[in-house]
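Protein chains: 4
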Amino acid sequence: MNLTHPFLNLDGDKLREECGIFGAINAADASAATALGLHALQHRGQEAVGITSFDGKEFFSRRGLGHVAENFSSSEALAELPGFMAAGHVRYSTTGGAGLRNVQPLYADLASGGFAVAHNGNISNAQALKKNLVKNGAIFQSTSDTEVIIHLVATSRYPTMIDRLVDALRLVEGAYSLIVMTPEGMIACRDPLGIRPLVMGKMGDSVVFASESVAFDVVGAELIREVEPGELIRVSFEGEIESLRPFGQNNSRPCIFEHVYFSRPDSVFAGRSVYAARKAIGEQLAIESPVEADLVVPVPDSGVPAAIGFAQQSGVPFELGIIRSHYVGRTFIQPSDSARHSGVKRKHNANRSLVAGKRIVLIDDSIVRGTTSMKIVEMMREAGASEVHFRVASPPTAHSCFYGVDTPERSKLLAAQMDVEPMRSFIKADSLAFVSIDGLYRAVGAEKRNGKCPQFCDACFTGDYPTTLTDHSEIEQKSAQLSFADHKAA
Amino acid sequence: MNLTHPFLNLDGDKLREECGIFGAINAADASAATALGLHALQHRGQEAVGITSFDGKEFFSRRGLGHVAENFSSSEALAELPGFMAAGHVRYSTTGGAGLRNVQPLYADLASGGFAVAHNGNISNAQALKKNLVKNGAIFQSTSDTEVIIHLVATSRYPTMIDRLVDALRLVEGAYSLIVMTPEGMIACRDPLGIRPLVMGKMGDSVVFASESVAFDVVGAELIREVEPGELIRVSFEGEIESLRPFGQNNSRPCIFEHVYFSRPDSVFAGRSVYAARKAIGEQLAIESPVEADLVVPVPDSGVPAAIGFAQQSGVPFELGIIRSHYVGRTFIQPSDSARHSGVKRKHNANRSLVAGKRIVLIDDSIVRGTTSMKIVEMMREAGASEVHFRVASPPTAHSCFYGVDTPERSKLLAAQMDVEPMRSFIKADSLAFVSIDGLYRAVGAEKRNGKCPQFCDACFTGDYPTTLTDHSEIEQKSAQLSFADHKAA
Amino acid sequence: MNLTHPFLNLDGDKLREECGIFGAINAADASAATALGLHALQHRGQEAVGITSFDGKEFFSRRGLGHVAENFSSSEALAELPGFMAAGHVRYSTTGGAGLRNVQPLYADLASGGFAVAHNGNISNAQALKKNLVKNGAIFQSTSDTEVIIHLVATSRYPTMIDRLVDALRLVEGAYSLIVMTPEGMIACRDPLGIRPLVMGKMGDSVVFASESVAFDVVGAELIREVEPGELIRVSFEGEIESLRPFGQNNSRPCIFEHVYFSRPDSVFAGRSVYAARKAIGEQLAIESPVEADLVVPVPDSGVPAAIGFAQQSGVPFELGIIRSHYVGRTFIQPSDSARHSGVKRKHNANRSLVAGKRIVLIDDSIVRGTTSMKIVEMMREAGASEVHFRVASPPTAHSCFYGVDTPERSKLLAAQMDVEPMRSFIKADSLAFVSIDGLYRAVGAEKRNGKCPQFCDACFTGDYPTTLTDHSEIEQKSAQLSFADHKAA
Amino acid sequence: MNLTHPFLNLDGDKLREECGIFGAINAADASAATALGLHALQHRGQEAVGITSFDGKEFFSRRGLGHVAENFSSSEALAELPGFMAAGHVRYSTTGGAGLRNVQPLYADLASGGFAVAHNGNISNAQALKKNLVKNGAIFQSTSDTEVIIHLVATSRYPTMIDRLVDALRLVEGAYSLIVMTPEGMIACRDPLGIRPLVMGKMGDSVVFASESVAFDVVGAELIREVEPGELIRVSFEGEIESLRPFGQNNSRPCIFEHVYFSRPDSVFAGRSVYAARKAIGEQLAIESPVEADLVVPVPDSGVPAAIGFAQQSGVPFELGIIRSHYVGRTFIQPSDSARHSGVKRKHNANRSLVAGKRIVLIDDSIVRGTTSMKIVEMMREAGASEVHFRVASPPTAHSCFYGVDTPERSKLLAAQMDVEPMRSFIKADSLAFVSIDGLYRAVGAEKRNGKCPQFCDACFTGDYPTTLTDHSEIEQKSAQLSFADHKAA
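Residue numbers (my numbering), protein chains in the order written: chain A, 1 to 490; chain B, 1 to 490; chain C, 1 to 490; chain D, 1 to 490.
Hints in this document: simulated from the structure, not taken from any laboratory. Bear in mind that the values here come from a model prediction, so they are computed numbers and not experimental data. Among the clues, some could well be false.
Note that the list lumps identical chains together, so a pair holds whenever it fits in one copy or between two copies.
Claimed, not checked - Below, computed lysine-lysine pairings styled on DSSO-like, alpha-carbon distance capped at 27 Å:
{"no.": "1", "residue 1": "Lys428", "residue 2": "Lys448"}
{"no.": "2", "residue 1": "Lys428", "residue 2": "Lys375"}
{"no.": "3", "residue 1": "Lys358", "residue 2": "Lys135"}
{"no.": "4", "residue 1": "Lys375", "residue 2": "Lys135"}
{"no.": "5", "residue 1": "Lys358", "residue 2": "Lys202"}
Bound conformation, chain A alone (with noise of 0.2 Å):
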């Protein structure tokens, strides 16, 4: 996770991406395996790529900008990655110039030999670590938190690496989901809430490892179980696999944006298929807010199996009165003479013939900043739309996230500044509503107990931290840039 650019570049598109992971260990084709669970882990993070593999002997690494596709799907890129073990990462954001040298894994030699970690979360005391590192003569490559843990394994005193792997996770807070290498084989562990998503799975022989379950179908793994809040898994080159709790038992607390956004539909979570929590979601968000209508339009993708769950509950009938282009990706200039401004549509246009004098129930995931919501709803009433009515599958987004995922600071939350009302008369809808807290945890199976949801981290709703912050104590009042370092590299 990069500590720099927590709040930077966050245009509609990229405002709640983060991370993926995958490993593979005593598989004949391990970088290959790696490359293609990547790929099916793509929509975690587009921006760049990375694949370490380890031979028995050395450590190879290749990363590149973008994605996995252009990196990494070449028998040259994989010739330059061989051997039994690989693990690999998606990032969403390299901005800043810190280029190349904050995509993972992050690889050190150490005196133990070589070390090499993926990371998917979001260490939340990394500033307060590193200064302490530096202090003391530790020279950072990276101005990535992940950084921090590999100088505290490095300056551990313990003699064994799973010592002092665990001796540096003592001193960590935040949210990490970790697959690890060292020359005697793979250590994959999440955080004692569990905050992040990790799975383990088999292929033939061997173990492999994944933000989401999708990857295990795409690379033709079975899925065997979740990693568990504060286990580590080590599986060794001879294929012992041994689970350790070296943090005791505690409380999981994973990620419920995870249901409601990141995951693929075709993921299991949290023991839940991510589909079914979507098309619950909608179902709820039909019984608490129905409304008299024609059609049930989802915002594609993200918007599609809740509004086939809210057309299924309320009989309003589902249909496509927007549709997506495949082919986003850069901005083009405008054409000035361009009758209305037309960004938008590049991406979602309306299905005119369709939409035209009908009253309409749009379906989004959630709204963020509400620039996207209010365009897509003049677009519908461009269209010809009598009536449109806007229903959101997730409560309303009012609190920052530091487990990982890149949403924008507090004060450019729409749901931060005002009520629902208010919210309405922004995006121009005729009605708003968003599905209630209680509501949102009856449809992922979760429940609430003395005011608060014990099963799942919902701080970006609720404001409920499960951890400490000590980096951003001061955050949410100043919006301070944190920067570890201020060297600019290409």
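Got chain A sorted already, so can you dock chains B, C and D onto it with the hints?
Just chains B, C and D now, with coordinates in the frame of chain A:
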């Protein structure tokens, strides 16, 4: 269009693509509008793109491999294309050594001045015409059939440009929608049968032409009407619009496959919403070939509208049983110890939790070679579906297209080789049904007369080719390799 | 040759370049030999390079911007150019939008089969011929005068290829050394005056042609003889070599500037060692314009042989008073607080310790615009030289070349504007002298008859153009911009 | 310097290269001056280049493979490097997987702020120091010995930056000229023996440092003096210049090979013109080993000054019997039917007309492996030389360099394996002579005391290494592969 390689490069994803064209005159940022318009037509051709502009004195061209966004989204790229008139082209294939030479618009300096042309379609007597031109000393730069038109214009003895163009087109047989630029203005025209689409729009004071109306939505223009079959529309720099009909009145025979597959669902084609047509085909299918099932599952994305129609007509719920990845493209190296072949899963993955134990109806737009259909049926069974019924939103595709569509030679078309029951057996479905040709006519608002459909070209289904096919007369038997030139250049 | 831009891009380093050609037939690795041969001719053109090969069935082409080594040193590049016949071209300029279209060899599919041509020289009635060809429907792909030859061949009514080529060349006026490839073999020819060079060699069983004999040294071939003025040499795949003289016997008028500057000193031109010719010019200079001095300093590298001759004749020691960098190329951003303008020093730097306090004789091959000479004189003075005498190893360059040399228009030639004394004042030298035209004749072994030199073309010094100049008749007065086409393509 | 690969990549052209550094402080365009300065030092390293700048707040870095001009000639590149202080580095090799990680300046964020260093030389106890640092938790980013200095600075317990640097350098053994940048200014220093060169100059109000004085000529700066052995020069942003001598007074032992080969002839090294030194060596050679001959022929370009000296002393005329191509670089595919191996001719070609039938004296700067010398002698004979006498402008190179010069291991040095007569036989010359070590001393103005030369390091000729060689003590025997890290990154 490329005469050299009509039958090559036919893997699953490339079977049914063609080209798209866009032009703008009297527009302040003609090339910016053209880039954006072509971007909206990207689904019609992903392999190469070109734009030519005119600034009142000079013509400027820029071409590139890949998507519009990769080549024309920067202000630097557009700065190379100044002027108030521009036209562009996206195409599906640059296979062979031809490199950028075949990328359109094609341009030539004629005695009368510059001449640029963008062409969607295919000239079915290009070889015969070319042979004769070369015999008289013409030197071809490309292997494109489009260049024949330019040489015919160059050697015409008529004095005015419009007469030369009409003179040339009289010799040409087949399908063409053209956007022509000369120092006097823009000429848009469609072959006498109007096989390939072309629409005219208005954007402030400028006139725009495009293959599909969706391009007008995206640039912010207003659809005026279709260019009519056999019509030439001339637009001058003073804004005068003149319609010519040099070939008399003709039956219109637009390509019915635009409704089935090519056009975006938010386009209007032959006076009808494409989305509505596809939904109506799905409804016909449900009426003609109903089935007891738990879920209606579209093969994304082309099968979605028909699946919605089928679901609404049948009452079986519409569900996303297959999830499509947004990150499709290059092929990956397959890890050898992957449990089973997983290639197809990179693009389409079963929504396992939803499908397991269910009877499903799969809806796809068409079957070409059958191999993709077979893999998708198998994927559903592996995901636990108890029954897999396949419904196809078009009649069996039993004949090649010679009008600019990249279809395989007849012998590779599954429906040219066998009946429906052996096809069902080939793809291993529990049942298989195609919409009837009459059902298709009904859905698109056509009607049969004397056993034929006089309103559309449906040759791919019926073999009823509406023109003579000089170059191709023996092709059906011999699958001959057409080759204008043996010269490979890079 | 490029008719469009004969007068552009004339910074100091580009003033006096032309092109180089090489061909090999009946060679096992014809394209490898051609690449190496072109590399040895790289000094004749650094901006673009192309090779075309023939394998008995097909022609293959590859072109690129930049040096031969950047484009043709890999086995992958050569694998695209199979066959036992190949020819290539290096050229000095691709300025303008023409991109790769003007890079030679040019290729066309004629009715008689493939036709490729590499051309060194310039056709001085190309515009007139082109105008007529275009009027009859010819479509040009490039702005190169060479393409005129192809169209003349294509439209010739003679039945055989050799007759068509002779028919075409009869219409052509100016300078051309050509290497032509057809499916029947290779034809090398030189214009009736033999203005541009072309030599024939032998490499085992294969026949090779090149602009300069140094290319034979580098590929390991043996020089046989020059192709004679007005001669066509036809080499078949059976190894038959036939010499044709369709234009009768002519006076030979090879370009005397090959001796002065173009050819490498280790080449033999017009029967004489280029190095020996240059030394002899230096000796003439020392005889004609002696000077009391401490050091003879060449402007590297072109002034070195003449400086050695001057030093040996005069007894003044030869010393490297100017050091030339091997790493010249792109222009750098000049730091603003650099003590003085230092641009010229990137290429040439004074050997300060040597020069300080000395009287020096600078020797350069020629003066074109005079700006570089002025800077070099200034550099010598800044380095402490007490006197700077400038001696030029050619007569004043007072006339433009229309035979394929990239010289500026007349008005930019210093010697066209002023006499020797004002030139001396312009470049701020203590004395300035040019070798006399008679001295030059003597040095290269020519003699004057009736005030003219019938053995060489020396029009750049004397204005005595040996051909008519149809396209250029008014150029001297008007500095007209020649332009085949206004079309800019990338 | 690269400790990993000191003995690799030793083909003929790469045998004797090292690195170059340049720095500028208080300059308006510090990075532009640095780019230009490095360009003038390009002969010291062609494979990679980097520049780091400081704008008062932040450090900025940019690195690239290839030449300075390819990476730093655009205003875009320099715009990434703002500020009034900059330093850069050119290096000869990036072999191995290290990619850009080893390209200098190296940079680190220390507790005291940013720290950048450019290093010419080689630290001969780097391995021992690194092992100890890693044991204490240091993480290395590169395989460069230079990084050891940074870690020693980072872990020093002294409070000020200058004390930390001195503390670090006290532990370091070997050769180093350094340019260091910190937020307080620039520090330039040279090891106590001053083995590698470093000079100080003035450019307006700014202070500049460079490996050679020629860089000052090119940027328009004025040479002030050499940085002295063991001296640290600190320059502040207020323009204060302070000289420190923490290591006491030492004997100076600058590398004598700078005079023989490395430095440009227009540089001044150790108080003497390099051109004059080389001419003097040639004169010594003529005195010590005269020969009856017709021509003195230099092996271009490094043999030219000595050849001029030899010719002037002996009276045998200096002539260009070998012509050097300006377009050397990549290796070409050799055509199989090339009459003889012609590889060497791409770079050097015999001036056949001149050489034929003549007795020639070849002058080269040194003989390393002997293979190139053998080919050049053979080339002269093939060109018809009747006798070929080889004279070498340095004593036999019989010992490896451990101070930053890329020489082969001892066993590959021809002079380490045999005496002069067998060397003559190996290169097939008629006679062979090297300048004597005493003659060399005389030419460069040094003198011998007690059989040794106390003014220069001449270990490559004498084996008299002026420092201990901790890492290399067994290397001479074992040719051990040094390897900091097994990690290959791309």
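Each hint tested on the structure:
Within a single copy, Lys428 and Lys448 get their C-alpha atoms no closer than 33 Å, and across copies no closer than 48 Å, so neither meets the 27 Å cut-off. Taking the shortest Cα distances, Lys428 and Lys375 sit within 27 Å of each other inside one copy (9 Å), while across copies they are farther apart (46 Å). With identical chains, the CA atoms of Lys358 and Lys135 are never at most 27 Å apart, being 65 Å at best within one copy and 60 Å at best between copies. Within a single copy, Lys375 and Lys135 get their C-alpha atoms no closer than 49 Å, and across copies no closer than 55 Å, so neither meets the 27 Å cut-off.
For a Cα distance limit of 27 Å, the shortest separation of Lys358 from Lys202 across copies, 26 Å, qualifies, whereas the shortest one inside one copy, 50 Å, does not.
Comparing the model with each earlier hint shows violations of hints 1, 3 and 4; every other hint is respected.
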